[in-house]
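Novice: Single-letter residue listing:
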Amino acid sequence: MGDMLVYGTCEAIDGEKDPQCLMIAFHIIELLAQLFPDPSGPVASNAADLFDVMGCYFPLHFTHEKDEEACVKRDTLSRALMLAFSSTPLFEPFSIPLLLEKLSSSLELAKVDSLKYLHDCALKYGANRMVKHYKGLWSSLKETIYSSIETHLSFAPESLTGPGAPDEGVQKEALNLLQSLVMQDASFLSFVVGDIDIDIVFDTISSYCHFKEMLEESKRKVLAISEILSVSAKASASSCNKIFEIVFFRILKALGILEKNSEGDYIPQEDSTFSGRLNQGGLFLCIGLLTASKDHTLSSKEHSMVSSCGHEMWCSMVNRSAFSLIQMFSSAAASFDEDDGGADAYLGVKGLLTLGMLHGGSSLLSRSIFDKVLITLTSIITAECGKTLAWKLALKALVYIGSFIDRYHETEKTLTYMNIVVDKFVMLACSDHVGMPYSLILEAASDICLTGPKHVHKIIQGFEEALCANWSDSCVRGNSRSIENCVLLLDCFSNKLLPRLNGVVEIDDLEDILLQFAVSIWNKIETCRVFSCTHGKELIDPTMMAMRQVVAISSVETQNTIIQKAYSVVLSSTLPLMESIPSKPVALEALKHFDLSIRDELILSLFASTIIAASPTTDIPNVKSVVHLFLVTLLRGHLPAAQALGSIVNKLGSGSRGTKISSTSSLEEAYKIIFHTTFEVGKSLYSDGSGESSSGSEINLTKFCFGDYDGMNLQNHAITGLAWIGKGLLMRGDERACDIALVLLDCLKTTDSSGQVLQSSSMRCAADAFRILMCDSDICLSRKFHAVIRPLYKQWFFSKTFPILESSIVKPDTPLSRIMLYLAFTHVVSNVPTVVILDNAKKLYPLTLEGLSILIHDPLGKDAVYSLLLVLSGLLTDKKGQESSIDNAHIIVNCLVKLTSYPHAMLVRETAIQCLVAMIDLPHRRVYPFRIQVLQAIAKALDDPKRRVREEAVRCRQAWESIASRSTRL
Amino acid sequence: MAGKKMVSGLINANPVVYEKKERRVRSCPSSTDEHIDQLEVSDHIRDIKDPEHPYYYLEELKVVTEDSVEGDDGKSYVRVTFTPTVEHCIMATVIGLCLRVKLLQRLPPRCKVLAFPLLLRVYEHNRRDTHLTR
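Line by line, the protein sequences are chains A and B. Sequential numbering from 5 applies to the first sequence in the working numbering. Sequential numbering from 1131 applies to the second sequence in the working numbering.
Only chain A is shown next, with the shape it has when bound in the complex (with noise of 0.2 angstroms):
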């Protein structure tokens, strides 16, 4: 029976080529492996004929389907071939001859499956099986990895870290072989130590000291036994002490570190200073039996074993020589022989980060040699003054140690990464360092801090001390340095720590650090009270941007600490902070002659930049006052200030607890505030106010944007400020945003309902207000910035002005006013979603090609040109926006043949002969009558100056051109 299922298998795999039936087959070949397992059964009676019609199938090749096409995968099918391979022990006689001699051929993917196969096969038929062909598989093995190495070595920092060898193909796959033959068998190791090549290798590195000098066929051979050696090591605790009894002194030795003692051994030198050169093969073969022993220890970490590598020799060979060998790392990081692409500093810093992982896993070296590894490193980056590569290199190791040891949680080495570390670059930070530039300084303690929650910690306080007295130094003694190094440090803060904070590790107190650091910028500004003119200014954006960032991600309570701590310093300071409303109209002369002193403009830019970042249920102080404040600053282009009554307007009221403040902070009084307060015109700030009532003399902030007043151009400040005000409600839903909306649009006519005419600047400015209302900003009223947003407000406020601006199109006053009102068109349109667009193709479409055309005349308005290209684009390419289209073909042909010769913009020109080439989408019959036209438009195109527009344009007339006739082309 057995013979003859043996039998029927062998047929029924004969001459089989369908993938599905061999996946079968060699399943039932591993089942009779199994059923069969004795030794003169009939599996083992028949196993040359059974291997004979299985074998022949190696290494598989699919000759017609392409991989992805087959139902059956290579991959897989191969898999099963090789599980059937190494079923039993019986096919050993037949499989590894077969496997070593595909092994040699010139096929990649013979290569490797076979070292697959071989992997396999010898762990599954055993040791005793396999060690009749140790020999041929060592050398065939030692082949493949010769000629799989890759020759050129990368010394760039980012190969610092990264593995050493590529993720797959043969290199990779011999190198697995090789350590699962020393780990299962250490007798094989005895072929890989006894080889004549290590010697060869040790000759070769004895002669030639540099990489470049050394033939590639040698090279090759360093780099080869290097790989052998270091995979040999890690296999096993007794592999890595074998590897480093036989080879370790002789390496030492090669470097020239070791010296005889009395009783005639060698040993490694206590100190020695290296005056010849280095060797670059002895330094590369012990960092690979370095990182070799280092691996080694992580993975009896990672498998929880009881470590005591401690008491290996391997270990102490390595404590014994660790003192010399850091001292040669440090003198090979420290050369300046750049020309063979910085070999030897990079060699040198991987050498020192090795040893310092070594002191990882386990308590292998003793504590001195990690402390002399970071202060090595630390040296290399303070001592240079450029960010050389050698300067890079360093700081790459420092900060991977450093997330090493604490993904590995060593609280001992933690602390001594701390105190050499972390202290020494926040003690540069704090100190104005003659020797290296400020970035540098800023940029290595920044990277350092984030590999652990406490060096942030840390680190913060250092930026904040550095902060502090940096500012000092720059008010007293207007220090111009130091106010640059203000910048630097707050540019540094928001850009590089603070966006990484969230992402990379957990601080437990980072509310506190974050809140004691915003608290002690108030405090500084508290008690600077004179600001050189000339420095101050630089200081405010980047303060700005620290203090939002820093608000932004703080809890609710440290918010609202930071905002009491800001509110009691504008209270010191002469801002017109009213401590209640004015019950008189504020004069207009008063704001003639308001002028912010360099100190008021930081408090008043840091103080709404606060208001700008805190939550909607944070408390804002005396919020009628704040308002007034922000709204009189304003009036005089105060941007932060009207960003930061958007930002009031947007979020008061709506918090959990708004129902709770309401009573005192409601948004109807804010906007009370900001729309009725009036100023009086023609008025001194001392006079008497005559009386309350609304005259003709009383205006507010409505009417400003209207009109010219008292010559003090307010009336953009006024549209601006309106705008983000606007923007607040409009996110947060408010109707009373379309009440703005109509003022701006109002601002849009030429001459307004009182007769008064407006200038074309301020026109322009009501037409960009749109762009205010409805573009994303980054810097306020963002997710990011804790703003309200109703959902689809945008598509709500679409809905809401599109008839308005519809109607107001139609009869416009002039040709200016046209121009303004198609540009507010263009901002709308543009920022909806595509959908909106899409679902109003019929009414969009005349008025986007009628906008197209009447801003082509506009110099200044090539972005809206643009952008409403791109909705137009949007609509013809869209099956929905095709029904219109078929309508207006001929619109926008003519419009779109137009814009193929827009002298303004390249982006406008390709994009409209992109717009073209869908046009060819639309039925046949509509648009073969402008062949011809499109043709000519084209036919210039091809002479563009740019060169995408010409590619774009051969593109277009081919397509055009093949609509006259199907025929193939040329």
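Far from chain B, by Cβ distances over 10 angstroms, these chain A residues were calculated:
id : residue
1  : I28
2  : W142
3  : I204
4  : L444
Simulated coverage check for chain B against chain A, where a stretch passes if three residues somewhere in it have a Cβ under 8 angstroms from a Cβ of chain A:
id : segment
5  : 1165–1177
6  : 1236–1245
Source of the hints: derived by calculation from the structure; they are not laboratory data. What you are looking at is a predicted structure, and each value in this text was computed from that prediction instead of being measured. Glycine included, each C-beta is placed from N, C-alpha and C at the ideal position.
Given the coordinates of chain A, work out where chain B should sit on it, guided by the hints.
Specialist: For chain B alone, coordinates are given in the frame of chain A:
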């Protein structure tokens, strides 16, 4: 093999096929001066199929290369010198016409386009060992 050649009746049944060259990447794409240059013209003609072997591009048969284009944008002329795969190729006129039409379609109307066959090629097909490498 020889029999097949007779049946096919092609001028050169077994042309040597070369690797398609990688497109040269422009060193500075954002330069202000973007005249029509040699590279741009050769990009236009590299994907014309050979009239005798429609599976191959002219470029693959080295009938045209990047160097076979010369021209001057300022003087509005382009000259392409192509090399047929065999010296007595009667397809030369067809190839020339293909090149001319293609370039007339793709270059601005002001450009004069000339396409000449060059008959000084080292004709490798005469070597015995050549065969279709695909």
